[in-house]
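Given these sequences and hints, build the entire structure.
Protein chains in written order, with this note's numbering: chain A, 1 to 283; chain B, 1 to 283; chain C, 1 to 283; chain D, 1 to 283.
If you are wondering where the hints come from, they were derived from the structure by calculation, not from laboratory data. Note that this is a predicted model, so its numbers are computed, not measured. Don't be surprised by glycine CBs; every beta carbon is placed ideally from N, CA and C. Wrong hints could be hidden among the right ones.
Chain A regions said to be covered by chain B (calculated; three or more residues, Cβ under 8 Å) [said to hold, decoys possible]:
{"id": "1", "stretch": "34 to 42"}
{"id": "2", "stretch": "168 to 179"}
{"id": "3", "stretch": "212 to 220"}
{"id": "4", "stretch": "226 to 238"}
Below, computed lysine to any residue pairings styled on SDA-like, alpha-carbon distance capped at 20 Å [to be verified]:
{"id": "5", "chain 1": "C", "residue 1": "73", "chain 2": "C", "residue 2": "16"}
{"id": "6", "chain 1": "A", "residue 1": "253", "chain 2": "A", "residue 2": "95"}
{"id": "7", "chain 1": "A", "residue 1": "14", "chain 2": "D", "residue 2": "278"}
{"id": "8", "chain 1": "D", "residue 1": "251", "chain 2": "C", "residue 2": "118"}
{"id": "9", "chain 1": "C", "residue 1": "251", "chain 2": "A", "residue 2": "111"}
{"id": "10", "chain 1": "B", "residue 1": "65", "chain 2": "B", "residue 2": "20"}
{"id": "11", "chain 1": "B", "residue 1": "109", "chain 2": "B", "residue 2": "235"}
{"id": "12", "chain 1": "B", "residue 1": "96", "chain 2": "B", "residue 2": "106"}
{"id": "13", "chain 1": "B", "residue 1": "96", "chain 2": "B", "residue 2": "145"}
{"id": "14", "chain 1": "D", "residue 1": "109", "chain 2": "B", "residue 2": "126"}
{"id": "15", "chain 1": "D", "residue 1": "278", "chain 2": "C", "residue 2": "24"}
{"id": "16", "chain 1": "D", "residue 1": "251", "chain 2": "C", "residue 2": "202"}
{"id": "17", "chain 1": "A", "residue 1": "128", "chain 2": "C", "residue 2": "28"}
{"id": "18", "chain 1": "D", "residue 1": "251", "chain 2": "B", "residue 2": "159"}
{"id": "19", "chain 1": "C", "residue 1": "109", "chain 2": "A", "residue 2": "250"}
Protein chains: 4
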Amino acid sequence: MNNTATLLISCPDKKGIVASVANFLYEHNANILHADEHQDNENKLFFLRTEWDLMDFSINREEFKKLFTQTAKKFQMDWKIRYSSDKLNVALFLSKEDHCLADLLYRYKNNEINFNIKMTISNYPNAKELSEFYNIPFYEIPSTDNREKDEQKILSVLGKSNIDLIILARYMKIFSPEFIQKFGNPIINIHHSFLPSFVGARPYHQAYERGVKIIGATAHYVTAELDQGPIIDQDTLRISHRDSIENLIQKGKDIEKIVLSRAVKSHIEDRVLIYGNKTVVFD
Amino acid sequence: MNNTATLLISCPDKKGIVASVANFLYEHNANILHADEHQDNENKLFFLRTEWDLMDFSINREEFKKLFTQTAKKFQMDWKIRYSSDKLNVALFLSKEDHCLADLLYRYKNNEINFNIKMTISNYPNAKELSEFYNIPFYEIPSTDNREKDEQKILSVLGKSNIDLIILARYMKIFSPEFIQKFGNPIINIHHSFLPSFVGARPYHQAYERGVKIIGATAHYVTAELDQGPIIDQDTLRISHRDSIENLIQKGKDIEKIVLSRAVKSHIEDRVLIYGNKTVVFD
Amino acid sequence: MNNTATLLISCPDKKGIVASVANFLYEHNANILHADEHQDNENKLFFLRTEWDLMDFSINREEFKKLFTQTAKKFQMDWKIRYSSDKLNVALFLSKEDHCLADLLYRYKNNEINFNIKMTISNYPNAKELSEFYNIPFYEIPSTDNREKDEQKILSVLGKSNIDLIILARYMKIFSPEFIQKFGNPIINIHHSFLPSFVGARPYHQAYERGVKIIGATAHYVTAELDQGPIIDQDTLRISHRDSIENLIQKGKDIEKIVLSRAVKSHIEDRVLIYGNKTVVFD
Amino acid sequence: MNNTATLLISCPDKKGIVASVANFLYEHNANILHADEHQDNENKLFFLRTEWDLMDFSINREEFKKLFTQTAKKFQMDWKIRYSSDKLNVALFLSKEDHCLADLLYRYKNNEINFNIKMTISNYPNAKELSEFYNIPFYEIPSTDNREKDEQKILSVLGKSNIDLIILARYMKIFSPEFIQKFGNPIINIHHSFLPSFVGARPYHQAYERGVKIIGATAHYVTAELDQGPIIDQDTLRISHRDSIENLIQKGKDIEKIVLSRAVKSHIEDRVLIYGNKTVVFD
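Laid out in structure tokens, this is it:
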């Protein structure tokens, strides 16, 4: 894998943005590997993602920060740069169902996603063996009647590592707005329905009741409002009257795994830009 | 095409149903072409669809009715038989958008669906030319402030033919419960979202606002409650941040056409059984 | 899970088959859970699958065999019955890529598929740890220049257990016709293309060369002719010019896993009937 | 719709391309609406598509040509510019099946695709009425034993209008290499299979014989070698053992229509770049 940098930009749309960024990178001898742009013509917003090989790049991290800030200011850019050598530290959360966990751990071991899984946290004991098989520390933090205290424990465990991202891989507890704020970094959740259908508990039961002919899964960023955060990825699967609730739950697992892992990969590769309650996801 | 009969049965699940029906058909020398069964093990219900060639069948319509009633009673069957030579009479409704109309008319002309389109009704004048190209009488019944009176007019036009099925091919008015009751026969609607997401008006605008990554279309039977009737078919389509609302509307048309025509074909071929607010749709 | 029996029948299509089978099961008090039939009207063939609860069933295995043989003879049936309590014994084969193995082992542990995995066999050492984590004996049988001898070793390992099914979960060696014949039981392979496109080696490279816009995976029974056996299941995935060969290989893994596991599940649940070089797969 | 220009570029990948193009457009006050780039890192090729509003653009067509040629030379660019006000002239070809014709004519009338359909050509008489309903001249040119003479007639009819694109909307004759060369402009064909599977005649029959579980359709540019030209778009559809050949043909029509219209739209909007035997298709 190459040693690369990825630059993400959001700003008001204006003439000259691409020229400025392109000139900046060209002047410092960047060998561009990928570049994607998007204009939201309705809201007059501009989004850019570009990734370049650092091999011939003539400026270092500090210089980049200093120099690029000038361009950024001119266009009121919201920007960030990430270096592929800085892997994100991730904490995986789950409750009883471990299919998403097993899937992410396998992809981690096989380098399908370029992250560091630092820990698994569950309110049940069952994922211990699986986590440890992949050499990931497992923390059981049971859910009690005192959510505040539970969340305190979680924050304290998270604090041991420098966690950049929480992945809720079928974690069935809802975080308080305070927890989300204190943690401060992004949280990705997999919801087992095609949102906005079937918000909340037991979505497959809701889907079965309504008699839909297709089920779905949705990966989204967690916000204070339940299942309302910006959607990163979704997928659907055709079902029929033959499918019992058990079948829906079973078949749904396969799309949950794929949607969550795709969304996490997009996030880890800095392909996702949030604006308002929506996302731009560059492929 | 063969001259066939199709028998549809719903009843409480019990031992011996299949044997009874199979014996009945065998005794009267039916040459079975298709047979489908479904047990809903949760609700203890049984559903059956069977289609046979009438060539060698030894009893006529009256005899069938008389004789089969005995079997039906024994198992408390809700049943109906339809003969392929009796085509259903259909009325197509639309407002301004005519893509579903054009699609259904083309399929009608090419015998893709075995029905008689008897008329097109619209609250706008634009579909006149297209309908008449396919030799279908066109009735413009503008929507006024007086829904009762408008619906009276519609019922009077429908009354001229013996309409077995109304297809709402992007008809943007909502029928009153009274109209639905007076018409009495099934009404199929295409809703331009993946229900139960985005009920009601402007679903593509709602989808755009929510930032979903997939759009959908849903064909369902119309009941008194808006967009809540039994779902017959659905489909979905992947979109991205690049898609403007105009794109969603445009791309959505292709799934609307396909979902509606599939649902209508299933209904016309007696593949749909309603139970509660759900459907069994045999392929 | 219920204690059930599943009956599979193929025979020339004739009047009275369903009645005979239904009567037979009814007479012996079978509580039918699922029944599927298919008429191939072109080749005049009839296929049936029915599953019933053994709870109230009045005859035992020997009696069934003896009594049903009479019905079977009358209609020249090719038939088999399987009891859910008799799990099939399975051997998993792989070479270097272990994603299908990891997927099947996980499903095995979570009872998603009702089989006994008795062993993993590979021509490379790497899957040892993963197999043993799931308590499955691992046999490394390296490939040498002497295929006959290699296959002899494999047969000898298989002989230790009573293997009903071999699953080639990305095993990159081709079995000789002699091996296939000696083994005698079904072999399911996952081929990493949408057959019949890209038969043989390096199908993703072939797909990349041809510039297709969709890739696929195919699960099929192995016959003496390479990649030509009856297809059980397939799936496809949209790609674009952005995807390098590495991406195709990576993305393809997800459909390979799903297609193989679905095909294996269908086989294990006796949903697959082979006729000619094709399959009937009841859902 | 805006009055826009679209620039398409292919060239060897080099540092500075994006900066040069972006500067050029910025200097002449282009208001960029869309921009897409693609690096083929394996073949070291660079592709770019950019579309801008002409409202504030400071140079006219001749100036653009003259000035941009300098940039183009520096980077050995293969480039073309198209103005949205210059609609492409299109000739539609078909044989007996008219579903793709009906679909394209409908989209034409509803401005879903920004082209001028100038004529319909068929070797059968049946599409006359449909073409003329949409005010498109219809030419019947029957196929005789003398292909050269037939093609002469076709060229002569095409010569009456300035045809930029031929669309083979289920035209069942194969053009000679001479014809393709003489015509000189692109030809898009819809092949009713998932290429490279089932090249040539009767692909649904081939698919049925092979027992595939998914069928497909492929839109590609026509080259001298049958069904081997660069693929623009493909799609697939799940089928089952229940589907007769007639069903495959019927169901396939829906994907043929959609794939062909999508490919045509991509071509018309200058989203397709050919390289080698492959395409880049920007969404």
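Tell me if the straight-line CA distance from residue 251(C) to residue 111(A) falls inside 20 Å. With a Cα-Cα distance of about 13 Å, the restraint between residue 251(C) and residue 111(A) holds, given a limit of 20 Å.
Quick one, are residue 251(D) and residue 118(C) close enough, alpha carbons at most 20 Å? violated (43 Å)
Check the hint pairing residue 251(D) with residue 202(C) against an upper bound of 20 Å on the C-alpha distance. violated (31 Å)
Holds or violated: residue 109(B) with residue 235(B), Cα cutoff 20 Å? violated (25 Å)
Taking a Cβ-to-Cβ distance below 8 Å as contact, does the stretch 226 to 238 of chain A have at least three residues touching chain B? holds (count 7)
For residue 109(C) and residue 250(A), compute the direct alpha-carbon distance and say whether it is at most 20 Å. Holds. Residue 109(C) to residue 250(A) sits at ~14 Å (cutoff 20 Å).
Residue count check for the stretch 168 to 179 of chain A against chain B: does it reach three with CB-CB under 8 Å? violated (count 0)
When you check the alpha-carbon spacing of residue 251(D) and residue 159(B), does it fall within 20 Å? At roughly 34 Å apart (the allowed maximum being 20 Å), residue 159(B) and residue 251(D) break the hint.
Restraint status (C-alpha distance of residue 109(D) to residue 126(B) at most 20 Å): Since the Cα atoms of residue 109(D) and residue 126(B) sit roughly 13 Å apart, the hinted pair holds (cutoff 20 Å).
Tell me if the straight-line CA distance from residue 128(A) to residue 28(C) falls inside 20 Å. Between residue 128(A) and residue 28(C) the Cα gap is close to 49 Å, so the pair fails against 20 Å, i.e. violated.
With a cut-off of 8 Å between beta carbons, are at least three residues of the stretch 212 to 220 of chain A near chain B? holds (count 4)
Do the alpha carbons of residue 73(C) and residue 16(C) lie within 20 Å of each other, as the hint requires? It holds: about 13 Å lies between the C-alpha atoms, which stays within 20 Å.
Comparing the model with each numbered hint stated earlier shows that hints 2, 7, 8, 11, 15, 16, 17, 18 do not hold.
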